[in-house]
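Colleague: Single-letter residue listing:
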Amino acid sequence: MPAILETKGLTYEYGHGTSMSKVAVDHVDLSVRQGELIGIIGHTGSGKSTLIQQLNGLLRPTAGQVLLEGRDIWAEPKKIREVRFRVGMVFQYPEYQLFEETVRADIAFGPRNMGLSGGEVEDRVRRAAEFAGLRPELLDRSPFELSGGEKRRAAIAGVIAMDPDVLVLDEPAAGLDPHGRDVLLSQIQSYHRLRQNTVLLVSHSMEDIARVAGRVLVMDHGRAAFFDRTAKVFAHGEELERMGLRVPQVTKIMDRLRRGGYPVAPGVLTLEDAIRQLAPVLRERGLLHVQ
Amino acid sequence: MFSNITLGQYIPGRSPLHRMDPRFKLGLTVAGIVLVFVANNFASLAVSAALVLTAAGISGISLRQYLKSLKGILVLILFTAALNLFYGSGEPLWQWGFLRITTGGVSNAVFIAARIVCLILLSAALTYTTSPTQLTDALERAMKPLGVFHIRVHEIAMIMTIALRFVPTLLEETDKIMSAQKARGADLESGGVFQRIRALIPILIPLFVSAFRRAYDLATAMECRCYRGGEGRTKMKVLRAARGDYLALLAAAGFAAAVALCNIFLPFLR
Numbered sequence: 001m002p003a004i005l006e007t008k009g010l011t012y013e014y015g016h017g018t019s020m021s022k023v024a025v026d027h028v029d030l031s032v033r034q035g036e037l038i039g040i041i042g043h044t045g046s047g048k049s050t051l052i053q054q055l056n057g058l059l060r061p062t063a064g065q066v067l068l069e070g071r072d073i074w075a076e077p078k079k080i081r082e083v084r085f086r087v088g089m090v091f092q093y094p095e096y097q098l099f100e101e102t103v104r105a106d107i108a109f110g111p112r113n114m115g116l117s118g119g120e121v122e123d124r125v126r127r128a129a130e131f132a133g134l135r136p137e138l139l140d141r142s143p144f145e146l147s148g149g150e151k152r153r154a155a156i157a158g159v160i161a162m163d164p165d166v167l168v169l170d171e172p173a174a175g176l177d178p179h180g181r182d183v184l185l186s187q188i189q190s191y192h193r194l195r196q197n198t199v200l201l202v203s204h205s206m207e208d209i210a211r212v213a214g215r216v217l218v219m220d221h222g223r224a225a226f227f228d229r230t231a232k233v234f235a236h237g238e239e240l241e242r243m244g245l246r247v248p249q250v251t252k253i254m255d256r257l258r259r260g261g262y263p264v265a266p267g268v269l270t271l272e273d274a275i276r277q278l279a280p281v282l283r284e285r286g287l288l289h290v291q
Numbered sequence: 001m002f003s004n005i006t007l008g009q010y011i012p013g014r015s016p017l018h019r020m021d022p023r024f025k026l027g028l029t030v031a032g033i034v035l036v037f038v039a040n041n042f043a044s045l046a047v048s049a050a051l052v053l054t055a056a057g058i059s060g061i062s063l064r065q066y067l068k069s070l071k072g073i074l075v076l077i078l079f080t081a082a083l084n085l086f087y088g089s090g091e092p093l094w095q096w097g098f099l100r101i102t103t104g105g106v107s108n109a110v111f112i113a114a115r116i117v118c119l120i121l122l123s124a125a126l127t128y129t130t131s132p133t134q135l136t137d138a139l140e141r142a143m144k145p146l147g148v149f150h151i152r153v154h155e156i157a158m159i160m161t162i163a164l165r166f167v168p169t170l171l172e173e174t175d176k177i178m179s180a181q182k183a184r185g186a187d188l189e190s191g192g193v194f195q196r197i198r199a200l201i202p203i204l205i206p207l208f209v210s211a212f213r214r215a216y217d218l219a220t221a222m223e224c225r226c227y228r229g230g231e232g233r234t235k236m237k238v239l240r241a242a243r244g245d246y247l248a249l250l251a252a253a254g255f256a257a258a259v260a261l262c263n264i265f266l267p268f269l270r
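Respectively, the protein sequence lines represent chains A and B. Under the numbering used here, the residues of the first sequence are numbered 1 to 291, in order. Under the numbering used here, the residues of the second sequence are numbered 1 to 270, in order.
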């Protein structure tokens with residue numbers, strides 16, 4: 001699979017050239033293949049947000065390049081808007097960007113900016129709302145009448161409606177209740193599966209990342225500390241904790257068991273996986289009688 | 001993109017002017033402005049200029065900073081001075097049609113320009129050394145007599161404090177909303193005037209909504225703490241006049257007397 005999105009020596013310095021300059025992203029090299037679902041984790045201030053804002057050209061890198069299908073996105077600065085249509089970005093608390101009179105019109109904002117025809121816009125809105133799990137009857141309401149969770153979905157639909165090849169989501173589930181988190185995450189997962197596009201998901205929840213991401217990028221002090229398959233990254237429990245990150249609880253327990261001499265694999269990420277691994281051990285000792 | 005805008009002009013420091021009681025500072029600045037206006041000849045203007053320069057001198061703020069405050073208004077100064085060149089009596093120096101520059105006009109122009117510069121520097125010395133919160137505290141005190149007319153001075157001061165407090169917050173919010181709309185392809189940089197104004201709608205509406213949300217949240221938080229306005233309310237930082245404040249008052253009185261004397265006895269210096 002060819003890389004759809006690449007960064008080469010990507011560096012961003014706030015206040016470049018002044019005495020207060022601060023390097024937020026430091027020589028990051030990434031290569032994301034078409035169709036991947038990548039998790040991005042890192043402590044607050046590790047450079048995650050600065051990194052992703054360069055992927056769609058909201059920030060222009062101080063040094064290095066962002067390549068979209070092999071082309072530098074800043075090769076023609078006048079065409080940066082087109083990059084933003086192809087690399088969709090859902091910010092934290094995206095519901096604060098809603099502004100139109102109806103949810104339908106708000107979701108249509110992106111597609112209309114793309115210059116699509118009325119029918120095509122309508123079609124995109126409908127599909128995006130469906131992907132985001134927004135009930136059709138909500139489309140004609142004012143976005144300000146919706147509940148918190150519905151607003152979030154409407155805002156996410158507004159980005160999905162541009163049908164981006166790469167979708168970047170910054171903490172999409174922040175502030176939702178546990179059930180809402182689960183549902184939203186499953187929705188993103190199924191959107192990813194159906195649409196077969198590339199998704200980058202920033203999250204503080206290691207459990208969420210462990211559940212959905214194929215590969216994980218760990219940011220630490222502006223650098224890419226790890227960028228590997230999810231299980232491999234979470235096998236570095238101690239290093240992650242030193243970076244102020246928490247590995248999923250189940251991973252931690254399984255890691256302890258493994259170090260205690262039990263025959264379980266490293267980097268166990270989900271409860272289901274843990275049960276699968278522990279069942280034979282327990283059965284062997286006569287501690288598990290049911291299947 | 002807004003992070004480089006400093007709110008107000010306050011530059012923290014520990015100079016005598018910084019430590020002065022803001023009520024005195026505000027009062028003396030107003031007095032100083034009056035003095036600059038009252039001065040009607042070059043001698044008295046020089047005295048008020050000396051007052052301004054003294055204040056600027058002890059503020060511990062660099063000369064460059066003061067020049068910066070003048071830069072914004074330079075055009076106005078030049079314009080006013082240029083206009084004044086043509087008004088005035090005395091010896092004509094240059095004439096072209098009905099336009100005539102006289103010695104009186106030149107002296108007028110210089111006088112007016114010097115006056116404006118003095119005013120700007122003086123108010124800059126105040127705003128550079130006084131934080132917005134201190135300034136509203138001082139204003140609250142200055143407006144206290146208005147309470148007689150049932151004007152709720154404390155509430156007005158509180159509104160001003162809150163407004164100042166939320167300026168950086170809302171700037172940050174604006175920045176975020178702009179990024180979010182740009183990510184959806186909002187075009188803020190091209191098109192004609194009307195197109196650009198239209199392009200602001202997706203930014204202004206969420207901004208207003210969020211400002212109201214914050215206002216309600218803040219109101220709730222204040223009520224939870226039993227805030228009920230100015231009556232019987234004490235301050236955490238009680239303003240106390242110190243020796244320096246009285247010294248400043250004395251010095252200002254000295255300058256005022258000097259200006260008055262120059263006005264009366266040296267009227268020909270004009």
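Accuracy of the hints is not assured; some may be wrong.
Said to hold, decoys possible - Calculated pairs, DSSO-like style, for lysine-lysine (alpha carbon to alpha carbon, straight line, at most 30 Å):
#, chain 1, residue 1, chain 2, residue 2
1, B, Lys237, B, Lys144
2, A, Lys22, B, Lys176
3, A, Lys78, A, Lys22
4, A, Lys232, A, Lys252
5, A, Lys8, B, Lys176
6, B, Lys144, B, Lys235
7, A, Lys22, B, Lys68
8, A, Lys79, A, Lys22
9, A, Lys8, A, Lys79
10, A, Lys79, B, Lys176
11, A, Lys22, A, Lys8
12, A, Lys78, A, Lys8
13, B, Lys176, A, Lys78
14, A, Lys232, A, Lys8
Unchecked claim - If you want the ones that stay clear, here's a sample from chain B, every Cβ over 10 Å from chain A, calculated:
#, residue
15, Arg64
16, Ile159
17, Arg165
18, Ser210
19, Gly244
20, Ala256
What the hints contain is simulated information worked out from the structure, not anything from laboratory work. The C-beta atom is built at its ideal place from N, Cα and C for all residues, glycine as well.
Colleague: When the structure is checked against the list of hints, which entries are broken? Sort them ascending.
Modeller: 18
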